[in-house]
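Novice: Single-letter residue listing:
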Amino acid sequence: MQIMNTTKMTARDVDVFYGEKQAIKKVSIDVSNDNVTAFIGPSGCGKSTFLRTLNRMNDTVAGARVNGKIELDGEDIYASGMDVVLLRARVGMVFQKPNPFPKSIYENIAYGPRIHGLAANKSEMDHIVEKSLQRAGLWNEVKDRLNESGTALSGGQQQRLCIARAVAVDPEVILMDEPCSALDPIATAKIEELITELRGRFAIVIVTHNMQQAARISQRTAFFHLGELVEYGPTAEIFTNPKEVRTQDYITGRYG
Amino acid sequence: MSDIALEGGPNMPAGSKERTAAAAVWTSETMRRRVASRYAAERRFRGIGLFAVLLSGGFLAFLLITMAYKGVGGFTQTEIRLPVDFASISAGVTPEALSGAKGDETMATLDLETLVNDAAKAQFGEEGPSLLSEGAWLSLRSALQADPSLVNQKTELWVPASGEVDRAAKGDADPAAERQLGALKAQDRVKTGFSTIFLSSSDSTDPTVVGIWGAFKGTLLTMLVTAILAFPVGMLAAVYLEEYAPRNRWTDLIEVSINNLAAVPSIIFGLLGLAVFLNFFNMPRSAPIVGGLTLALMTMPVIVIAGRNAIKAVPPSIRDAALAMGASRVQVVFHHVLPLAMPGILTGAIIGMARALGETAPLIMIGMRAFISSPPSGFTEPATVLPVQIFLWSDEVSQGFVEKTSAAIVVLLLFLMTMNATAIYFRNRFERRW
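Top line first, the protein sequences correspond to chains W and E. Read in order, the letters of the first sequence are residues 32 to 287 in my numbering. Read in order, the letters of the second sequence are residues 53 to 486 in my numbering.
Just so you know, these hints were derived from the structure itself, not from any lab. Be careful, since some hints might not be right.
List of simulated lysine-lysine pairs, DSS-like, C-alpha gap at most 27 Å [claimed, not checked]:
(1) Lys128/W x Lys122/E
(2) Lys206/E x Lys52/W
(3) Lys364/E x Lys134/W
(4) Lys122/E x Lys222/E
(5) Lys222/E x Lys243/E
(6) Lys162/W x Lys128/W
(7) Lys243/E x Lys122/E
(8) Lys221/W x Lys128/W
(9) Lys174/W x Lys153/W
Generate the whole structure from the sequences, applying the supplied hints.
Specialist: Structure below.
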């Protein structure tokens with residue numbers, strides 16, 4: 032198991048406020064390039080909120096405010112010179128509920144490369160679409176019906192389509208916000224397998240409710256509670272030998 | 053299974069008596085009546101609903117059938133075949149002069165009215181001219197315009213009959229007109245049939261030559277101005293308010309104002325148009341451009357409200373997905389939100405435009421109730437619109453206008469239906485599932 036070698040994103044003393052309410056308190060964390068990092072914690076602990084600060088998706092929430100510093104490859108993503116559009120192309124995201132565009136499968140994948148001008152012509156675009164779908168393990172299932180609507184796929188396929196869509200623009204980091212919570216166990220297993228395959232190619236940060244999932248797929252785990260980062264370390268250590276009592280109580284199921 | 057439990061028995065376990073009693077509640081007479089009354093209530097409600105649907109459908113059918121029945125006479129016209137000798141008044145006028153550059157001036161030198169009167173007297177005696185419509189000479193002019201070579205010839209032309217003869221032919225007139233019609237029939241010089249006069253000419257004081265074309269074209273131009281202004285402005289306002297505007301006191305105020313604006317009586321918009329467009333900006337009176345502007349003011353709030361609701365109904369997950377792909381706000385709006393909201397926006401636009409199409413009051417305020425005898429040739433020419441034309445004709449004394457009014461209503465309804473059908477077609481084309 033690889034333990035943090037290169038750091039992709041760093042957060043230092045990050046506070047997030049929704050209006051008057053503080054959702055995240057002084058969180059500092061490093062996200063490594065080659066690992067899957069899992070955020071776990073009870074509902075409402077701020078793990079999704081924190082995830083969304085990493086690609087500035089909280090900007091769209093009225094009244095949301097972020098203090099502290101978050102860097103991507105040493106570049107402050109909240110600096111005034113940072114272009115949010117390019118940041119989000121570099122830090123992709125997969126959501127809790129599969130949300131394919133109501134367009135064809137092909138168009139779903141081609142959308143990102145098209146708006147960022149990544150394909151010069153049709154054949155390049157075809158290549159990107161095929162490669163992305165293959166990476167998401169969806170190619171064999173959909174190659175004969177690329178023109179069908181993405182919303183006609185099953186839930187698990189839709190979620191893999193969303194992953195393929197995120198992968199299509201070759202991001203550096205992929206954020207996943209409970210990507211399996213709306214899926215059945217078989218679809219979940221496929222997504223987990225996929226995440227494991229994608230590891231190393233992209234830095235992956237995943238928020239999950241499911242502790243077994245975190246244990247299965249991640250190399251580093253961060254435990255959030257009430258907006259604070261309680262403990263962060265190698266997954267094996269967090270689950271077998273937590274340092275904090277709160278972590279211990281959570282992973283043994285005292286609360287959740 | 054259940055039978056045994058319900059009947060009970062000596063060796064049933066403890067508590068089974070209560071269970072039996074509880075089960076008996078469901079089979080008791082009271083319960084049966086409750087269920088029956090519940091079903092009866094459901095049937096009643098369904099019946100009332102069906103009755104409401106049938107009643108409104110009946111009203112609509114009654115309206116349409118009455119209008120179609122009364123209006124059909126407006127599309128037909130009795131015509132009289134009249135021998136005309138153009139040569140008698142056209143000394144020195146050549147067909148070339150008529151078709152040339154100064155054709156209209158040359159035409160004006162011909163005394164066609166006298167020619168018609170003389171021809172009628174020659175054919176039908178002293179009362180001949182009264183058989184013909186006052187606008188009969190217009191038919192001669194059209195014939196000459198169509199075929200200038202007639203100018204030196206003697207020919208026979210179908211010209212519109214007078215209102216009395218026309219009504220007699222349609223079975224509703226006094227004995228004198230009946231006699232005249234009988235005489236004409238004896239000479240085989242009369243026919244009643246579909247006439248293009250009503251569809252191709254404009255307003256007139258004479259019901260036999262009156263037509264809808266001027267008002268129709270006025271409506272077309274006015275609606276065009278309204279659509280071009282109200283649709284994009286309303287849609288963009290809706291997009292801005294939903295996607296960009298911060299939520300604060302100002303946007304709340306704007307929202308309330310727009311909602312109020314949508315409920316303002318239309319005549320107030322007419323006064324506004326009068327005060328602003330005519331008095332302040334000195335725009336031409338009675339013009340489609342002013343009518344269109346006024347109606348656009350009225351239509352815009354409706355489109356804004358419908359547009360905002362349609363945009364609100366686009367799932368936020370689609371916006372998130374596009375934003376997370378690195379799409380800019382404008383790209384999110386134009387690539388995802390608007391295409392998905394378009395059916396709803398179009399529905400709002402249809403409702404708004406249909407309301408504007410039938411509007412009379414604000415247009416009267418800005419002078420579109422004038423007597424317009426030639427169709428407008430542009431947006432700044434004096435014009436009137438179909439509903440105002442209907443209003444004007446319904447006020448006319450002459451009997452012949454009754455069927456023309458109904459015919460105009462039929463045209464207006466057809467216009468409305470065509471417009472709605474087009475919009476529904478577009479709406480269905482844009483409709484997408486997700």
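Novice: Each hint should be assessed against the structure and marked as holding or not.
Specialist: Quick rundown of the hints versus the structure:
Simply put, Lys128/W and Lys122/E have alpha-carbon atoms about 60 Å apart, too far for the 27 Å limit, and the pair is violated. Taking the CA atoms of Lys206/E and Lys52/W, the gap is near 97 Å; set against the 27 Å cutoff, the hint is violated. Distance restraint check for Lys364/E and Lys134/W: the Cα-Cα separation of roughly 20 Å lies within the 27 Å cut-off, and the hinted pair is therefore satisfied. Of the pairs offered as hints, the one joining Lys122/E and Lys222/E holds, with about 12 Å between alpha carbons and a cut-off of 27 Å not exceeded.
For the hint pairing Lys222/E with Lys243/E, the CA-to-CA distance comes to about 11 Å; that is within 27 Å, so the pair holds. Restraint check: the Cα-Cα separation between Lys162/W and Lys128/W comes to about 24 Å, which is no more than 27 Å; the hinted pair holds. Taken as a hint, the Lys243/E and Lys122/E pair is honoured in the structure, with Cα atoms around 20 Å apart against an allowance of 27 Å. A threshold of 27 Å between alpha carbons decides the hint, and for Lys221/W with Lys128/W the separation of about 16 Å falls inside it, so the pair holds.
With a C-alpha separation of about 16 Å, the suggested pair Lys174/W and Lys153/W falls inside the 27 Å cut-off, and the hint holds.
Checked against the numbered hints listed earlier, the structure breaks hints 1, 2; every other hint is satisfied.
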